[in-house]
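**Q** Sequence:
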Amino acid sequence: MNIVQQIAAEEKARLLEGKTIPNFQPGDTLRVFVKIKEGERERIQAFEGVCIARDSGGINETFTVRKISFGEGVERRFPILSPNIESIEVKRRGVVRRAKLYYLRDRRGKSARIAERQTVRPAKGVAVPVTGSDDKGDEA
55 MNIVQQIAAE EKARLLEGKT IPNFQPGDTL RVFVKIKEGE RERIQAFEGV
105 CIARDSGGIN ETFTVRKISF GEGVERRFPI LSPNIESIEV KRRGVVRRAK
155 LYYLRDRRGK SARIAERQTV RPAKGVAVPV TGSDDKGDEA
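For my numbering, count along the sequence shown from 1 and bump the result up by 54.
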């Protein structure tokens with residue numbers, strides 16, 4: 055590891071102290087809480103939309119979030135390690151087959167929807183065996 059990589063790793067560790075960044079990918083709907091400074095005051099503003107890109111680059115890693123606000127498309131690019139990001143919430147997971155979803159810029163309405171990734175859960179009230187063994191052998 056050369057000196058530049060070592061310094062970048064130390065800086066990344068320093069910036070991640072006390073922060074938890076969830077695991078997300080393009081297609082996921084995110085809510086990003088951003089610190090906004092207005093004069094003397096500081097407040098938190100939520101920006102919710104679909105992650106359309108994630109650009110890795112070590113300490114310079116960014117992600118792009120797109121939302122439709124009053125009929126107009128709005129995109130914001132956030133550095134992952136920015137001190138202005140309070141937190142990131144994953145609202146829903148999307149199923150996509152691309153790393154960059156720039157084609158969503160040209161789509162409106164139903165064609166811009168992304169299918170939600172389903173997680174398999176047992177039905178309510180159904181007991182799930184802890185181990186895979188069933189005692190159906192010796193019945194007296």
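These aren't lab readings, by the way, just hints derived from the structure by calculation. These numbers were taken from a predicted model, which means no experiment stands behind them. Here a beta-carbon is modelled for each residue, glycine too, at the ideal position from N, C-alpha and C. Errors might be hidden in some of the hints.
[Stated by the list, open to error] Heads up, simulated BS3-like pairs for lysine-lysine below, C-alpha to C-alpha not over 30 Å straight-line:
#: 1; residue 1: K89; residue 2: K178
#: 2; residue 1: K66; residue 2: K154
#: 3; residue 1: K91; residue 2: K145
#: 4; residue 1: K91; residue 2: K66
#: 5; residue 1: K154; residue 2: K178
#: 6; residue 1: K178; residue 2: K121
#: 7; residue 1: K145; residue 2: K121
[Claimed, not checked] Distance windows between CB atoms, simulated:
#: 8; residue 1: Y156; residue 2: K178; range: 37 to 43 Å
#: 9; residue 1: I113; residue 2: K178; range: 30 to 36 Å
#: 10; residue 1: R161; residue 2: E65; range: 37 to 43 Å
#: 11; residue 1: K66; residue 2: G163; range: 38 to 44 Å
#: 12; residue 1: V128; residue 2: V182; range: 40 to 46 Å
**Q** Against this structure, judge whether each hint is valid.
**A** Checked hints:
Only pairs whose Cα atoms come within 30 Å are accepted, and K89 paired with K178 is rejected, the gap being roughly 40 Å. Proximity of K66 to K154 is assessed by CA-CA distance (about 24 Å); at most 30 Å being required, the pair is judged to hold. The hinted pair formed by K91 and K145 meets the criterion: a straight-line CA distance of about 26 Å does not exceed 30 Å. For the proposed pair K91 and K66, the alpha carbon gap of about 24 Å is at most 30 Å, so the pair holds.
At most 30 Å may separate the alpha-carbon atoms for a hinted pair to count; K154 and K178 exceed this at roughly 37 Å. As the CA atoms of K178 and K121 are separated by approximately 34 Å, the hinted pair breaks the 30 Å bound. For the given pair, K145 sits about 14 Å from K121 by alpha-carbon distance, which is consistent with the 30 Å threshold. Range check, Y156 to K178: about 40 Å between beta-carbon atoms, so the 37 to 43 Å window is met.
At about 45 Å, the CB distance of I113 to K178 disagrees with the hint of 30 to 36 Å. Look at R161 against E65: about 38 Å separates their beta carbons, and that is inside 37 to 43 Å. Between K66 and G163 the beta carbons are some 40 Å apart, a value that agrees with the proposed interval 38 to 44 Å. At about 43 Å, the CB distance of V128 to V182 agrees with the hint of 40 to 46 Å.
Hints 1, 5, 6 and 9 from the list above are not met by this structure, while the remaining hints are.
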